[in-house]
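Let chain Z serve as the given structure and place chain D on it in line with the hints.
Chains Z and D, in that order, give the protein sequences.
Going letter by letter, the first sequence gives residues 1 to 456 in the numbering used here.
Going letter by letter, the second sequence gives residues 1 to 456 in the numbering used here.
Note that these hints are calculated values from the structure, not bench results.
Incorrect hints may appear among the rest.
A pair counts as met if it fits within one copy or between any two copies, since identical chains are not told apart.
Straight-line alpha carbon distances no greater than 30 Å define the calculated DSS-like cross-link-like pairs of lysine-lysine that follow [stated by the list, open to error]:
id	residue 1	residue 2
1	K263	K210
2	K292	K154
3	K180	K263
4	K421	K154
5	K344	K421
6	K154	K210
7	K344	K180
8	K344	K292
9	K180	K292
10	K180	K421
2 protein chains.
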Amino acid sequence: MSLLDLLRTSLPADRVVLDPDIVATYHHDEAEWAPYGAPLVVVRPRTADEVQTVVRACLAHETPVVTRGAGTGLSGGANATAGCVVIALDGMNAIVEIDQLERYAVVQPGVINDDLRAACAEHGLWYPPDPASSPWSTIGGNVATNAGGLCCVKYGVTRDYVLGMQVVTGTGDLVRLGHKTAKGVAGYDLAGLMVGSEGTLGIITEITVKLRPLQDPQRTVAGYFDSIVDAGRAVSAVAAAGLTPSALELIDRQCLVAVDAWKNMGLSVDANVVLLGRVDTPGLIGDQEAEKMHACFSEAGATWAAVSTDAEEADALFAARRLAYPAMERLGPVLTEDVCVPKKHVPEMLSRIEQIGIEFGTTIANIAHAGDGNLHPLLITPRDDDEARRRAQAAFATIIDAALELGGTVTGEHGVGLLKKDGLVQELDPVVLNMHRAVKAALDPQGILNPGKVFS
Amino acid sequence: MSLLDLLRTSLPADRVVLDPDIVATYHHDEAEWAPYGAPLVVVRPRTADEVQTVVRACLAHETPVVTRGAGTGLSGGANATAGCVVIALDGMNAIVEIDQLERYAVVQPGVINDDLRAACAEHGLWYPPDPASSPWSTIGGNVATNAGGLCCVKYGVTRDYVLGMQVVTGTGDLVRLGHKTAKGVAGYDLAGLMVGSEGTLGIITEITVKLRPLQDPQRTVAGYFDSIVDAGRAVSAVAAAGLTPSALELIDRQCLVAVDAWKNMGLSVDANVVLLGRVDTPGLIGDQEAEKMHACFSEAGATWAAVSTDAEEADALFAARRLAYPAMERLGPVLTEDVCVPKKHVPEMLSRIEQIGIEFGTTIANIAHAGDGNLHPLLITPRDDDEARRRAQAAFATIIDAALELGGTVTGEHGVGLLKKDGLVQELDPVVLNMHRAVKAALDPQGILNPGKVFS
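Only chain Z is shown next, with the shape it has when bound in the complex:
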């Protein structure tokens, strides 16, 4: 029996998608210029058993499986390959359980990040990881890439919240990894190994995440700067002052103008760079920390800085931060960087990015989780301009070189996917790459799980 027939006979009819118009929407994620092929079929399972059925069928037919959530990835990790089976988990979007006492949630992988956050809030609980894509991206995708976000500077990344999971393995078994208790060291941390493995070691069908009590109210500190390097100096100053902001975001004028052009939020300001800091320490101590952050901004050369007393204004600024990427995308293809450098090197790295833009004649806008040293230069090119594309790609590679030179990493939170495969080879010792290959072969002996992603 052909694989297609096998899938059709073993799954409910609506799970198997062949309509070319619909299939086309599952070809690739949001990574610009990352290669992709046409899949044989898209399957939209509704249960873990159905996922297992698909994997077993693919094992029998030696056909690669590419798993995806909402497809908001920025590295090509979810891109289909020619003839593969795409498993789209966006339909598995149930919040199975929220346990208020134990402070965990059990969710299917297709749950949208913001939906989980809203459901937790009803129980007085908080799921911190908040990638800028939180209104669209899924928890499964967040786990697959170990997504970060705005709050990481104080509250860590997705990895820090994953307690356990259910996984369909590369051998077609359905297993549970990790634990639901507060602690647990029984055996290897295979659940942790799955986090950030971009669908190459297993397919996650359920996730148990740790929750925190609801976040305390935040104060917002905004600062305007003439130069991106001044803003970078303010970021270093905040770290040097011993502050732990609950967010510290950088947005440059190009992004704000693009957001205004799209949403007419009236944000265009007399500044080339805006820094947005937040402090959620309760009480007077938090007020003092906000004032300290304000002083750091001023001393680093802010042309204007203030502790905002207007929650609406502050929320608008953070909404603009979240909209920056889609707003830039409206202007043309955007190649998104994701380097992360030591905090002390943020000014130097921002300066190098500026130079690289000039050197390659590429427009580079900047958003950054600056407090983490996690920078997202956005390389924007005119549509259908191959020469500009090549220059942007060269600039992209040069930014990676610079980040590695400064002791950084090629990807802070987006994952390797396809766009950072060369970067990974630069970053890792060849022996460590071989360790990756050995682990991959151990857990996916037939090599059917998202082959060709992360490393070759």
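Chain D in isolation, oriented as in the chain Z frame:
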């Protein structure tokens, strides 16, 4: 050339220890009744290169390597096997770097936990993981077992603080895993995989740990209870009240009496069980939380409870908690449990432990990281009483059964070693055990790293 000659010719003379009296001190860790054998030799390397030299020699001679730090483990994970080479890393105890701005420390594996904490404090920084063994145990050992401690209930376990490491692999290579930046998702989380792998996947020669700003001052809430089940109810009440204590420890009368008998601290109290809670939330909010915890204790049936205003008294109580295990050891062999159950099942689990003690005629004292649901029943037997030993071992196995029945894990923070190997088989799906074997074979293809530990 024999392995011994190879080691003697390739290492400085003082690294190779053959004196049987000294070698005997490296035979086993502190796990009671876990088997061990006489090693061929003990090597005490001073550098990563020397560790690599030893591993390569052992690979050439197909000889198992057992790595250990201070030997304070409680599961037998560091026990020597007959004819093995013991690599003792207690001499590699340099704090290489503390970076105040980036908030990390780079340490050799033999650094004592308390020494790192003291060094960090001088920079206004804090390394939270604080196993009760912190005055003696090493960071390397803490990482190898993913050690927990008193602060985990709020601040997480060792895994949450490991950014990166240098490792000698099972193939004798010296590599770096992980990163020093705040975020990083370049490739699989192999550094995380090493945490808790108990020396079976690699030998850690350097560790980079994340640090936090110094902890805020803590308030201590003490409560006395007539029964351990009442105390367990207080623990559940604290969780249900939405509190996040910075510690929540349980000590029973047997432990306090044993500490007094040893150290004459004058702690014997009119209580069968003492609960010690701590709150480090700053300011008024923290004061309110301490009062709330006090109310939880009282409502659960505390015969006496108070928010302590006497720091010395509070420190003495926590010192007693840390001394409980060595104090009990003075009375006879102690078999130490380490089960972890959901918080809501703490009263039920404590009640079952009490029943099991009666059923098997075994004296069971209790200390617990109660706020985590991580319980350490201590099974104490008279010396040289084989019958009592067998009953204690049967009670030990029955406690594991009960923890698994309640949705718990066989080991919260001590690791599997030898004592929990059967428990691991009970806890994990056979497919997951096979995943462990596959990963082990991938990273230690010759099977020389601590073979026979964790799983067979």
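Q: With 30 Å as the alpha-carbon cut-off, assign the pair K180 and K263 to within, between, both or neither.
A: So K180 and K263 fail the 30 Å test inside a copy (42 Å) and across (38 Å) alike.
Q | Status of K421 relative to K180 across identical chains (alpha carbons, at most 30 Å) | A | between (34 Å within a copy, 20 Å between copies)
Q) Between K154 and K210, at a C-alpha cutoff of 30 Å, which is it: within one copy, between copies, both, or neither? A) For K154 and K210, the Cα distance is within 30 Å both inside one copy (16 Å) and across copies (12 Å).
**Q.** Alpha-carbon proximity between K263 and K210, which holds within one copy, between copies, both or neither at 30 Å
**A.** neither (35 Å within a copy, 40 Å between copies)
Q) For the identical chains here, do K421 and K154 meet the 30 Å Cα criterion within one copy, between copies, both, or neither? A) within (29 Å within a copy, 37 Å between copies)
Q: Go through the copies and call it for K180 and K292: within, between, both or neither, with a Cα cutoff of 30 Å.
A: Between copies only: 26 Å across, 39 Å inside.
(Q) At most 30 Å between alpha carbons: which applies to K292 and K154, within, between, both or neither? (A) Classified as both; 17 Å inside a copy, 26 Å across copies.
Q: Can you give me the call for K344 and K292, within, between, both or neither, at a CA distance of at most 30 Å?
A: within (18 Å within a copy, 41 Å between copies)
**Q.** Homo-oligomer pair classification [K421, K344; C-alpha up to 30 Å]
**A.** Intra 27 Å, inter 46 Å, cutoff 30 Å: intra-copy only.
Q: Measure nothing new, just compare the shortest in-copy and cross-copy C-alpha distances for K344 and K180 to 30 Å and report within, between, both or neither.
A: Between copies only: 12 Å across chains, 37 Å inside a chain, cut-off 30 Å.
Hints 1 and 3, counting from the list given before, are not met by this structure.
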